[in-house]
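Dock chain B against chain A, hints included.
Number of protein chains: 2
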Amino acid sequence: MIVELISVGTEILMGNIVNTNAAYLAEQCVELGLCCYYQSVVGDNADRLSETLQTALNRSDIVIMSGGLGPTQDDLTKEVAAKVCGAELYMHEASRDAIKSYFTKIGKQPTDNNWKQAMMPQGAIILPNDNGTAPGCIIEKDGKAVILLPGPPNELIPMFENSVVPYVKSKLPSIICSKTVKICGIGESRAEDMISDLIAKQDNPTIATYAKTGEVHIRVSAKAEDEKTAKNLIKPVVKELKQRFGNYIYTTQEDMSLEKVVVDLLIGNDMNIATVESCTGGMLAARLINVPGVSDTFKSGFVTYSNKAKRKCVGVKKKTLEKYGAVSKQTAEEMVRGMRTVNKADVVVATTGIAGPDGGTPQKPVGLVYIACLVGDKVTVKEYHFAGNRMKVRENAVTSALNLVRECILEYYSEKTFGKK
Amino acid sequence: MIVELISVGTEILMGNIVNTNAAYLAEQCVELGLCCYYQSVVGDNADRLSETLQTALNRSDIVIMSGGLGPTQDDLTKEVAAKVCGAELYMHEASRDAIKSYFTKIGKQPTDNNWKQAMMPQGAIILPNDNGTAPGCIIEKDGKAVILLPGPPNELIPMFENSVVPYVKSKLPSIICSKTVKICGIGESRAEDMISDLIAKQDNPTIATYAKTGEVHIRVSAKAEDEKTAKNLIKPVVKELKQRFGNYIYTTQEDMSLEKVVVDLLIGNDMNIATVESCTGGMLAARLINVPGVSDTFKSGFVTYSNKAKRKCVGVKKKTLEKYGAVSKQTAEEMVRGMRTVNKADVVVATTGIAGPDGGTPQKPVGLVYIACLVGDKVTVKEYHFAGNRMKVRENAVTSALNLVRECILEYYSEKTFGKK
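Chains as they are written, first to last, in the working numbering: chain A, 217 to 637; chain B, 217 to 637.
Looking at chain A on its own, in the form it has when it is part of the complex (with noise of 0.2 Å):
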């Protein structure tokens, strides 16, 4: 069943606002096993919105409008969409009680114009709004199904939840599942080289991968008449993907980031952490920081960005800076080294590079990172090299410094059971 999404409104139009109605929507929708193959904006003109409606009823099953249910004149959504459906408007006397406690509840007056809200295309599913006065409404013309939401994302959200998703769920003959594959360590191309077969012959479930800054995402989504059949299909696959990529793969789970997954490991084995950043500057305590309860586990982090930094607060030599400069293998180590006098953090992780635009030289170009981590007593340093600006380098240097401390955590726990290699 195709869906497609209309946003309605002037201020999406000219980038005032930014369009999350829309992702969400679109995530709802693929989340119900809806294809959505359009999305649309439009202004609040009736001559526009009539002809944007028309071709969606044209290609889609479902047509989700959002916004312009206001009571202003400028608001026109569903007057247009009545048109187009060839149905009248009517008082509907629910739909005013509504807003009349609804103003009560407020403790202010309604204005006359607040009663065009209550005006509801004959025939239509009226969908009650807790949290509004505009309600939304289902107009069903054959066999296909034109569902008007309020804008606001915190009237429109409990609206679909509450009411568009049961209606959807009601007329579906099959479902989608999907589950995300997350790789760190390799770039999009040669991921997809390496699953270029499965690609080339995809079918049900289908494989797709996405760029993220430093991670490529692999969904495979199935397609089937219940969710078990769905899960079964995707599971080979998934499975295929776990062999080619192994390590590389830091989970398949939807909600999870690359800082979570490492702030389990570190919570799981008992760990605390501590950071030191030259170049990421902070980035990656903040990351790292963003997870929830990782108070006890997070020791604590420095931003030594000028060499007197790296000297005064972590002990990296002089003669190291100046022989081999603070970009370098060396000093990486030596922060990491000397975070660990510092604090005893069980892990300690170090970044230097040079992140532009200023500051690079042929030996030392810009993109040209170290980062270090130190886990029991072992340290490890890897050289990056990150294309793009000042901000694009910092990102892919956290990323790679997120990856980096998940790789020698795994790492030690293997040695520790498997013995020395």
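These are calculated hints, taken from the structure and not from any lab test. Just so you know, not all the hints are guaranteed correct.
[Stated by the list, open to error] Calculated pairs, BS3-like style, for lysine-lysine (alpha carbon to alpha carbon, straight line, at most 25 Å):
id: 1; chain 1: A; residue 1: Lys-395; chain 2: A; residue 2: Lys-476
id: 2; chain 1: B; residue 1: Lys-533; chain 2: A; residue 2: Lys-528
id: 3; chain 1: B; residue 1: Lys-524; chain 2: A; residue 2: Lys-560
id: 4; chain 1: B; residue 1: Lys-316; chain 2: A; residue 2: Lys-598
id: 5; chain 1: A; residue 1: Lys-580; chain 2: B; residue 2: Lys-316
[What the hints assert, rightly or not] Cβ-Cβ distance ranges computed for the label pairs, FRET-style:
id: 6; chain 1: B; residue 1: Tyr-426; chain 2: A; residue 2: Lys-632; range: 35 to 43 Å
id: 7; chain 1: B; residue 1: Gln-418; chain 2: A; residue 2: Glu-247; range: 40 to 48 Å
id: 8; chain 1: B; residue 1: Pro-374; chain 2: A; residue 2: Asp-480; range: 33 to 41 Å
id: 9; chain 1: A; residue 1: Pro-578; chain 2: B; residue 2: Lys-385; range: 31 to 39 Å
id: 10; chain 1: B; residue 1: Asp-413; chain 2: A; residue 2: Ala-310; range: 49 to 57 Å
id: 11; chain 1: B; residue 1: Asn-605; chain 2: A; residue 2: Asn-378; range: 20 to 28 Å
id: 12; chain 1: B; residue 1: Pro-374; chain 2: A; residue 2: Glu-247; range: 31 to 39 Å
Ideal placement from N, C-alpha and C gives every residue a C-beta, glycine not left out.
Relative to the frame of chain A, chain B by itself:
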């Protein structure tokens, strides 16, 4: 001149990412004086892409397509746009070389499919990409233009600014100039209230407010035959805004960020800064360090998220933490004073707050943040209440901390100049 935006990508269509590119492009187009009536989102599908582009070309003068310029088989935007405009693709040598050097720079090997990105439509204006491998292009046809941009915002934004803006300006009969007045410390509603009379009578120049995280931007745009006339129309309005908002304005320069203003203020007064962060966990240091050349000015930063770290790193007293709590005026003050003892920085700023989702109480709800700033021997501590999720609370805290540093330095020098009040 009418512009239309087509965002290409399954990720947007499926709600995996929010379409911030469309908001950015829409805002920029409005600023250029273009009218935007439609935005669409469509997946990586040749038929649907082609249909959407044809519809757009029928009703608009400029079509900006973003996304789908990647190296994979999925990426079809360029192929489809070339076909719709009747242009063959050819190997563009300069783009091929650019891709080669890009990979050399990052120390990796291009894969075979990367060369696809150097295939460009015959006759198109090529837009170089300094931040990625996908060049953009402008295909002109029958007096209309199809502009193709890469999807990642860090590639799209510089390409738009460097290449698309000058192109569009060259096509416009009149020019639009604008000036942005950037404000920190008051909300959008209040800012709008303070200039409601100006907004009500606006014509040319127009005045619009934009809410950013912790900031409000007021954009004044004038349309005229030439730049000088437009600038003369803007001048008195900006002067009026300066009178009304005074020190709330941190800049009127387009490319100036709050952190850059703070760093310039520090450098200009030969001062250095140190940060001590609890709830912001490194984000404040990270924003300061995003300013190139901050090295000598940024003394060092500590991330002291746990109580232990607050005691150990900056000597917050156990008694203070027990009596007033980690999130208190007193702890914030001891954090800055402790850091001064540690590294003698001229300016020290500290954050401590409850970012949520847990940890709130009726007395100290989620969103409560204390920020302290020490300049000279004076500590200023302010209490803030921020709304939104964990990340939003932390982002607001960072912006407010930067603004507090700015205010405190300005006050320090005004007191030094005019004597203590």
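Hints and how they fare:
Proximity of A/Lys-395 to A/Lys-476 is assessed by CA-CA distance (about 18 Å); at most 25 Å being required, the pair is judged to hold. Restraint check: the Cα-Cα separation between B/Lys-533 and A/Lys-528 comes to about 23 Å, which is no more than 25 Å; the hinted pair holds. For the proposed pair B/Lys-524 and A/Lys-560, the alpha carbon gap of about 13 Å is at most 25 Å, so the pair holds. Of the pairs offered as hints, the one joining B/Lys-316 and A/Lys-598 holds, with about 24 Å between alpha carbons and a cut-off of 25 Å not exceeded.
As the CA atoms of A/Lys-580 and B/Lys-316 are separated by approximately 19 Å, the hinted pair is consistent with the 25 Å bound. Distance hint check: the CB atoms of B/Tyr-426 and A/Lys-632 are about 54 Å apart, inconsistent with the given range 35 to 43 Å. The beta-carbon spacing between B/Gln-418 and A/Glu-247, approximately 44 Å, falls within the hinted interval of 40 to 48 Å. Separated by about 37 Å at the C-beta atoms, B/Pro-374 and A/Asp-480 satisfy the suggested range of 33 to 41 Å.
Distance hint check: the CB atoms of A/Pro-578 and B/Lys-385 are about 37 Å apart, consistent with the given range 31 to 39 Å. For B/Asp-413 paired with A/Ala-310, a C-beta distance near 42 Å fails the hint of 49 to 57 Å. Between B/Asn-605 and A/Asn-378 the beta carbon distance is about 22 Å. The supplied range of 20 to 28 Å therefore holds. About 35 Å separates the C-beta atoms of B/Pro-374 and A/Glu-247, a value consistent with the hinted range of 31 to 39 Å.
Checked against the numbered hints above, the structure violates hints 6, 10; every other hint is satisfied.
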